[in-house]
Each structure stands twice: as structure tokens, then as C-alpha cells.
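Trainee: The listed protein sequences correspond, in order, to chains A and B.
The numbering of the first sequence is our numbering, which starts it at 29 and goes up by one.
The numbering of the second sequence is our numbering, which starts it at 29 and goes up by one.
Honestly, the hints are just simulated from the structure, not real lab data.
Any given hint might turn out to be false.
Copies of the same chain look alike in the list, so a pair counts if it works inside one copy or between any two.
Unchecked claim - In silico DSS-like pairs for lysine-lysine, Cα to Cα no more than 30 angstroms straight-line: (1) K204 <-> K438; (2) K52 <-> K406; (3) K437 <-> K194; (4) K262 <-> K406; (5) K438 <-> K52; (6) K359 <-> K225; (7) K437 <-> K262; (8) K437 <-> K202; (9) K237 <-> K52; (10) K269 <-> K204; (11) K263 <-> K182; (12) K438 <-> K202.
2 protein chains.
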Amino acid sequence: MKNKILLCIADGVGDRPCESLGFKTPLQYAKTPHLDKLAKDGQSGIMDLHKAGTPVGTDLGHLILFGYSIKDYPGRGPLEAFGENVELVTGDVAFRCNFATIDENGNVKDRRAGRIREGTTELANALNGMQIDDVTVIFKEATEHRAVLVLRGKGLSDAITDTDPKIEGVPVKKPKATNDCDEAIKTAKVLAEVQKKAIEILSAHPLNKERESQGLLPANCILTRGAGSMPDIKKITERLKFKACCIAAESTVIGVARLAGFSTVYDPAFTGNIDTNIDKKSDAAVKALKENDFVVLHFKATDLMGHDNNPEGKVKAVEKFDALVGLALEKIEKEDLGNVIVALAADHSTPCERREHSGDPVPVVISGKNIRNDDVEKFDEVSSAKGALCRMQGSDFCNTLYDYLEVTKKEGN
Amino acid sequence: MKNKILLCIADGVGDRPCESLGFKTPLQYAKTPHLDKLAKDGQSGIMDLHKAGTPVGTDLGHLILFGYSIKDYPGRGPLEAFGENVELVTGDVAFRCNFATIDENGNVKDRRAGRIREGTTELANALNGMQIDDVTVIFKEATEHRAVLVLRGKGLSDAITDTDPKIEGVPVKKPKATNDCDEAIKTAKVLAEVQKKAIEILSAHPLNKERESQGLLPANCILTRGAGSMPDIKKITERLKFKACCIAAESTVIGVARLAGFSTVYDPAFTGNIDTNIDKKSDAAVKALKENDFVVLHFKATDLMGHDNNPEGKVKAVEKFDALVGLALEKIEKEDLGNVIVALAADHSTPCERREHSGDPVPVVISGKNIRNDDVEKFDEVSSAKGALCRMQGSDFCNTLYDYLEVTKKEGN
Chain A
29 MKNKILLCIA
39 DGVGDRPCES
49 LGFKTPLQYA
59 KTPHLDKLAK
69 DGQSGIMDLH
79 KAGTPVGTDL
89 GHLILFGYSI
99 KDYPGRGPLE
109 AFGENVELVT
119 GDVAFRCNFA
129 TIDENGNVKD
139 RRAGRIREGT
149 TELANALNGM
159 QIDDVTVIFK
169 EATEHRAVLV
179 LRGKGLSDAI
189 TDTDPKIEGV
199 PVKKPKATND
209 CDEAIKTAKV
219 LAEVQKKAIE
229 ILSAHPLNKE
239 RESQGLLPAN
249 CILTRGAGSM
259 PDIKKITERL
269 KFKACCIAAE
279 STVIGVARLA
289 GFSTVYDPAF
299 TGNIDTNIDK
309 KSDAAVKALK
319 ENDFVVLHFK
329 ATDLMGHDNN
339 PEGKVKAVEK
349 FDALVGLALE
359 KIEKEDLGNV
369 IVALAADHST
379 PCERREHSGD
389 PVPVVISGKN
399 IRNDDVEKFD
409 EVSSAKGALC
419 RMQGSDFCNT
429 LYDYLEVTKK
439 EGN
Chain B
29 MKNKILLCIA
39 DGVGDRPCES
49 LGFKTPLQYA
59 KTPHLDKLAK
69 DGQSGIMDLH
79 KAGTPVGTDL
89 GHLILFGYSI
99 KDYPGRGPLE
109 AFGENVELVT
119 GDVAFRCNFA
129 TIDENGNVKD
139 RRAGRIREGT
149 TELANALNGM
159 QIDDVTVIFK
169 EATEHRAVLV
179 LRGKGLSDAI
189 TDTDPKIEGV
199 PVKKPKATND
209 CDEAIKTAKV
219 LAEVQKKAIE
229 ILSAHPLNKE
239 RESQGLLPAN
249 CILTRGAGSM
259 PDIKKITERL
269 KFKACCIAAE
279 STVIGVARLA
289 GFSTVYDPAF
299 TGNIDTNIDK
309 KSDAAVKALK
319 ENDFVVLHFK
329 ATDLMGHDNN
339 PEGKVKAVEK
349 FDALVGLALE
359 KIEKEDLGNV
369 IVALAADHST
379 PCERREHSGD
389 PVPVVISGKN
399 IRNDDVEKFD
409 EVSSAKGALC
419 RMQGSDFCNT
429 LYDYLEVTKK
439 EGN
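Between the sequences and the hints, there should be enough to build the whole structure, so can you do that?
Mentor: Given below as C-alpha cells:
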């Protein structure tokens, strides 16, 4: 493979004109010499991740950027599981969980078990491996009070309601099948049994006894939500035969990357915010390029500023992303990595004025000395639309990158 | 029908920046006054034949340009059959064949029967019309040692392995069904019987006896590959009711054109390379425009130069294509043909640096006095992307041309 690709993703970077920026978008307003250089040396375009006018989540946006389609979307549970390094197989049903505290009447006293941080590994281990009929339970702690539950066995379904009541002072909800199929009914029954046994096991656990003796809330119950079934999809890296790595702070992106078969690099210095350590992050990208064909460098703060309706903050975040890309380019230059094609993209727009994801297209660039060179000289929502890539769908953009790796299949003869 | 269309196809013309051309593409580097004039007088765009980033073969690329989709792709066997003027009907299973030589132990001595050139018509006739149960055998010689085998009958399948062992000194492979369906099992059995009978008939053929007496290798066996089943598709010329003609040297393009219901014009002076006779070819195009609504003028050398990684050669090929188009335009001008819309396209990109087809889009132009006129003034991968056609799929481009012929169906009322 003679080309390597570095794909730099600025989460939610697409925006709309902001009054406080003189009706420019943050990308138009910010000083972005490195992003603009890439645009100048390559081809630009705008991209609809799924479909023009359809906002997508960070999870689906990245799923598409990595080579999947909306049909492959497994729901939050499985993505969370991959984020926690639980490898799912087709048919597994996964749930996002909280450790919680119930009182003697079975009412939820604290949905986060006093925001428990210590000992969740032992508690999770006590639940992991439980067997309910022919279904095996995989249970793994995540950050703080969060955890992942996976049911593995034949004939399961994700058509299951959440058991998390979302409020406190009420009982845990009973899991219900949302359709009449045998699979959903079986899964609801198994999940109810898992939750019952979990209360028994957790209530008796020495760690919880100790918490109570210290006046802390015991993590004596689990609440579930976001049931999702692992679809019959292959890792894209196995299907197309290439090596990929994702450098990111956010567990959602990490989960999607693992589902796609990418290795992941995480360091506590990657904060997922504007204070993320771009020196370490760019180092990680260059190191990953030595060992992989395709490296994703993810940057989160742009999205956060959009959700906060903070145009000035988004300008700063864009400039930090520009600095991150600039550092990576500088370090790549010093290494003998062969031909590295650098691409810029986003997973969706998060316009400040909307404080949420929107269906506005995002700007994209593909840049390198063997890439067609158009006359766009700036990376922003409007300039990029004049480029040689024109307007494309997310799957086309991803497929195009993989074609530069020469791993897509030729059709016909 | 008030418009006629001349579609000029430069095979594999799309490329990427070439270092030896100062990082221009061959199309950007070459002097192409006639192609540029068409761009100036019409609307430009870029086209993904099937999907952005997915390379297509010459056969599928032309199938799409003529109005079909990837679902209609019948495989190599049927296209080869059409190339040899064997008209297939739905359900036929066709194979590419070699006449070959086997020794007394049944091992392949020469996969090409000493590159036999003479007498293959008689040998093919001896096999043609063979009946195995309810299956009729159609057998036709092609160039040199090549031939086409068609099995016609009910309940046949193309899920059949190649019998060509690809190497010499080993036995002919037995045809095997690649699935458990009755159709595939039946077809494998019939093919085995055809091959057995072919050995009997060919071994006893006077022409082979004579070859042996002259010390030449006898063509005493057939090897098959590329099984393909004729899909249930109608000739596009019949479906949309127009008359079309294709002027080409390459048998693949000729085969696809015949499948689509186009008449074809071939002359030994059309070489399929840079020395093709553009005077004769442009004459043929103008003559065909008198008798047809839609004429395809195909030029091959651009693709060959890409496969050879010869940027300078590709520049020359592009300039020859420009001269061919120029001659055609000049001759059309002198005739009273009504309004002739001239379109430029390619079946795929063949970047020199890749030496293979790629998924990069190709430039297209549609030009004529009744065609929207944008401000693009040059025909190349980057300039064309700024045109009024924007970025389109192959099926959209083809459908657009057929709409100018006023043969596409209005939907709704």
C-alpha cells in the first residue's frame, strides 16, 4: 500500500453565521493557516453524513465516516460496550447501565449510587459470568457509576424498554418487550432475572457492606437503558484488509472505532475539551501512522462549544484544532512515512444558535501531492463547497479515502 | 426526435497529478482545443460511474454509460458472447473458452493449443449445436485460440467453477457447482459432459489430424472460465425506442454495446491504441449519425497509457482523442444532421501512478446550442467539477442524455 491516510475530524465543526462573529461561521472567522494550506494543496467539498437535512449523532456520524451505513447502527448499548473494550458478537444484546441504590422498599434512592468511583471492578466481576438458562451475562464497569451489560445467547432481541426510571423515589421499571416476538419476551424475562439476582449479589457484597458502614450509599442495584443488538457486520479493517488506529478522548468515538476494527490510543492528557494536549495527540498520530495505513485524529471541543452556543469559544476551539493539525503535519514532515494523504472532516454540524446537531453539510478536504488540486484556498462551510469534490455523502467520502488505500473492490472487469 | 447525440468516450482518461507533468493530470497538461470548445459551449460536471471511490471495469463502466446498473452485470462470459455476436436470451449461461491441447494422460500440454489461428471456425462448428439432455450448446470461435460457449436450456446456473487450471502439466479441472442448488448441480453435470464430448469430437476432427501430421499441437480440448448468466434485461434501445450505434475497436465495449441493442461498426484500422485511424473513425461516426439517434465513439489508448504508467504517452493519447473529436465536429458541421448534441465522458479513471482503475470521478461535458451553458472553459478533472452538472452518478448522466433524445419516461402526470 503506497498511500497512508491521516483523517482529522473536528467534531461538530460545521456551523451557521453567528451574529457575534459579524455573521461569519466560526470556521470562517477563525485563523486556520494549516487547514487552509491543506485546502490549497488538495481538493475540497461538502458532505452530508447520511442525508442532506438529517442531523446525525456523533456515534452514527463516525460509523459512517469509518465505512458503515445507517442500517448498521447498533444502538447505544453495543457502542458503549465496544467503548469499554467488550467485544460483541452478532446477536448479543447490550445495555448501558448505572450502578444505583435502592431502599428497603425497592424504590430508587440514588440513580448513581452516590456517584460511586471505587470498587466497581469488584462489583462488576461479581455479576459477570452469571448464567440465566442458556444466556450468559457479561458485565463490565465503565467510568464512575456507569457499566455495560451484555446478554449473550440464542434468540435474543433488543426490543426491550429501559428499566432506569430516570427519576428517584420510584421503583425500578420492569423490563418489557416492545413487540410480541418470542425473542423480545425471552429477553425481557432474562433481564428481569438478571436484575433480581444482581440485587441479591450486590446487596450481600462485602464492598457494599463496607460502604454502608462508612455511611456511603451501597451500589445494590443496576438500571439499564439503550438496549441494542449487535448487527451482523464485519470489522471494516478485516473486510477491506487494512490497519487502522483512532486517537480520541471520547468513549463514543472510541467505541465506534473498536467496532470498526481500529486500534485506539487514549491518554489522560486527551481531555475531549479545549485544554486537550495537542502535542501529545499529534505525537500519537505520527506514531500511529508508522504502524497503520489509516489514522483518525479526533478533536471534540468544537462540538462542545456549539452545544454551549459559544461562538467565540468555538473560534478558539477551531484554532486549537488548526494548531493540532499543524503540529501533526510538521511531525509527519520529519518522518519517513511514505506518501501521507491528509483529510479533514466532521461528523456533523453543531450550529451555536441551535445548540444541537443539525443537518447542514460539513466541509471536507483531501490533500496530498497525488490528489487532484482545485483552487479552493480556505477550509470552511462555503469555500469548500466550490471544490472539486463537490457535494458528497459520507459513505462516498469514506469510500474515496479507502480507494486511495487501494482496498476497495473493483466492480466488473 | 429533434436531437441526435454523439457521445465520445475516452477510456480511463481520468487521472491524478503526475510529477513528470509538473503535478498536472494528463488532461490538464494536454492541448485539447476541441474538448475545451465543447466545455465552453456546454455544461460540465464530474461523474462517479457506480459510486464515489469504487473502481469499475471497462465492461461495467460502459454498461452504466449505456443505461444499466451494477445489478444487471452479467459477468465476463455473456459479454464475451455478445462481443462475438452471439445473441443471448435470459437464462443462458455463457463461458469464455480456450481451445487447448491435452496429452494422452489428460494433462494440459498447452492452454492455447499452440496459439491456433487457422481452422477454429470448423472446430467450433463441430461443437456447435451439441445437445446434452434438454440443453443446447452454442459454440463460437473468437480471436485466435479463444472461443465462447453458451448453454441454453431451462434451470441452468452460473454458479460454476472454472475448468481452466491456469497452469500446464495438470489435468483439466472438473466443473463444480459453487452452491447446493439443483440448477448449479445440473449445469456442472452438463458442462462436464460437453467437455467430454468435445474431447471426442475434437480429437477425431480431420483438421486436428492434419495439425498433428504437420507437427502442430491439436486443439483437442476446451477450457472454460468466467461463467455468467444472462440476466432478465431488455435491450435499452428496445425499451426506450431509439436507434444507437457504437464505433469501437475493443471487444469488451462492442459486447456491451450489442447487449444494449446498439449496432456496432468495426474496421481493422480501429486499432484500440494510439495509432487508431481517426480519419476513418470520425467518418464512421458521421455516417452512423445519419442512421441513428445516439452514436458512441470510443477511444481506448488513454486507458492503456494509464495502465502503463506513461503520463507523456497519456498526454499524446488525450491529444489524439481531441483530434478525433475535432475531426468528427468538423465533419458533422458539413452534413445536414439536425441538432447534434456532443457529450464527452469516460468509463473510469486509470491514474498513471496507480496503473489500475481507480474510484476517482471522471469529467463529463454535454454541449450543444440548446444545452445550458456554464462558464467552464476547459475539459479536465478539476475544471469540469465547477460546471452546471455538478457531481453526478453514471446512471444520471446516461439518463440525462436519453432525456435529450426525449425517450425517457415522464413520471407522474
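Trainee: First find the shortest C-alpha distance between K269 and K204 inside one copy, then the shortest across copies, and answer within, between, both or neither for a cut-off of 30 angstroms.
Mentor: Answer is between: at 29 angstroms across copies they meet the 30 angstroms cutoff, but 41 angstroms inside does not.
Trainee: Between the shortest in-copy and the shortest cross-copy C-alpha distance, which are at most 30 angstroms for K52 and K406: within, between, both, or neither?
Mentor: both (14 angstroms within a copy, 21 angstroms between copies)
Trainee: How do K204 and K438 come out at 30 angstroms by Cα distance, when the copy is not named: within, between, both, or neither?
Mentor: Classified as between: cross-chain Cα gap 25 angstroms, same-chain 46 angstroms, threshold 30 angstroms.
Trainee: I want to check one pair: K438 and K52. Are their C-alpha atoms no more than 30 angstroms apart within a copy, between two copies, both, or neither?
Mentor: For K438 and K52, only the inter-copy Cα distance (25 angstroms) is at most 30 angstroms; the intra-copy one is 42 angstroms.
Trainee: At most 30 angstroms between C-alpha atoms: does K262 with K406 qualify within a copy, between copies, both, or neither?
Mentor: Result: close neither inside a copy nor across copies, 37 angstroms intra and 43 angstroms inter.
Trainee: When no copy is specified for K437 and K202, does a C-alpha distance of 30 angstroms or less occur within a copy, between copies, both, or neither?
Mentor: So K437 and K202 pass the 30 angstroms test across copies only (28 angstroms; inside, 48 angstroms).
Trainee: With identical chains, the pair K359 and K225 could be close in the same copy or across copies; at 30 angstroms between alpha carbons, which is it: within, between, both, or neither?
Mentor: Classified as neither; 54 angstroms inside a copy, 68 angstroms across copies.
Trainee: Treating 30 angstroms as the Cα threshold, decide for K263 and K182: within, between, both or neither.
Mentor: within (22 angstroms within a copy, 40 angstroms between copies)
Trainee: When Cα atoms must be at most 30 angstroms apart, do K437 and K262 count as within-copy, between-copy, both, or neither?
Mentor: both (16 angstroms within a copy, 27 angstroms between copies)
Trainee: Tell me, please, which holds for K438 and K202 at an alpha-carbon limit of 30 angstroms: within, between, both or neither?
Mentor: For K438 and K202, only the inter-copy Cα distance (28 angstroms) is at most 30 angstroms; the intra-copy one is 51 angstroms.
Trainee: What label fits K237 with K52 when the C-alpha limit is 30 angstroms: within, between, both, or neither?
Mentor: neither (58 angstroms within a copy, 73 angstroms between copies)
Trainee: At 30 angstroms max between alpha carbons, let me know whether K437 reaches K194 within a copy, between copies, both or neither.
Mentor: between (47 angstroms within a copy, 23 angstroms between copies)
When each numbered hint is compared with the structure, violations occur for hints 4, 6 and 9.
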